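Going by our numbering, the sequence shown runs without a break in its numbering and finishes at 111.
Source of the hints: derived by calculation from the structure; they are not laboratory data.
Quantities reported herein were computed from a predicted structural model and do not represent experimental measurements.
Heads up, some of the hints might be wrong.
[Unchecked claim] Now the in silico label distances, taken between C-beta atoms and shown as ranges:
hint, residue 1, residue 2, range
1, 34, 70, 22 to 28 Å
2, 31, 70, 25 to 31 Å
3, 45, 90, 43 to 49 Å
4, 88, 34, 34 to 40 Å
5, 34, 87, 43 to 49 Å
6, 41, 75, 15 to 21 Å
7, 65, 31, 21 to 27 Å
8, 45, 84, 36 to 42 Å
9, 38, 89, 40 to 46 Å
10, 50, 89, 52 to 58 Å
11, 53, 74, 28 to 34 Å
Don't be surprised by glycine CBs; every beta carbon is placed ideally from N, CA and C.
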Amino acid sequence: MPSGIAVEARDGMAGAMSAAGRLADQAIVLAPAREAFTSGLHAVSIVGATFVILFAVIGMVVPRKRSRPEPEPAACTPEVTAA
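When you get a sec, could you build the whole thing from the sequences and use the hints?
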């Protein structure tokens with residue numbers, strides 16, 4: 029494989045597809061590129077799910093310390109109803 033094609037194939041999926049278009053046997057470039065993309069996608073999704081779970085647990089465990097304002101006492105005025 030020419031070195032220029034190898035460098036282009038390492039540049040991502042678009043580069044790998046472009047490099048594969050110039051080769052007779054495209055599977056040499058596309059199969060490893062697809063495998064690398066899939067592995068990277070799995071790793072990122074696992075890390076993302078871990079952070080979501082971590083922050084959900086932190087949100088449930090850490091108590092909220094808010095000062096609530098004292099409720100104002102209701103006025104003791106009797107209601108007048110018309111009969």
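Okay, the hints, checked on the actual structure:
{"no.": "1", "hint": "34 to 70: 22 to 28 Å", "verdict": "holds (25 Å)"}
{"no.": "2", "hint": "31 to 70: 25 to 31 Å", "verdict": "holds (30 Å)"}
{"no.": "3", "hint": "45 to 90: 43 to 49 Å", "verdict": "holds (47 Å)"}
{"no.": "4", "hint": "88 to 34: 34 to 40 Å", "verdict": "violated (50 Å)"}
{"no.": "5", "hint": "34 to 87: 43 to 49 Å", "verdict": "holds (47 Å)"}
{"no.": "6", "hint": "41 to 75: 15 to 21 Å", "verdict": "holds (20 Å)"}
{"no.": "7", "hint": "65 to 31: 21 to 27 Å", "verdict": "holds (22 Å)"}
{"no.": "8", "hint": "45 to 84: 36 to 42 Å", "verdict": "holds (38 Å)"}
{"no.": "9", "hint": "38 to 89: 40 to 46 Å", "verdict": "holds (44 Å)"}
{"no.": "10", "hint": "50 to 89: 52 to 58 Å", "verdict": "holds (56 Å)"}
{"no.": "11", "hint": "53 to 74: 28 to 34 Å", "verdict": "holds (33 Å)"}
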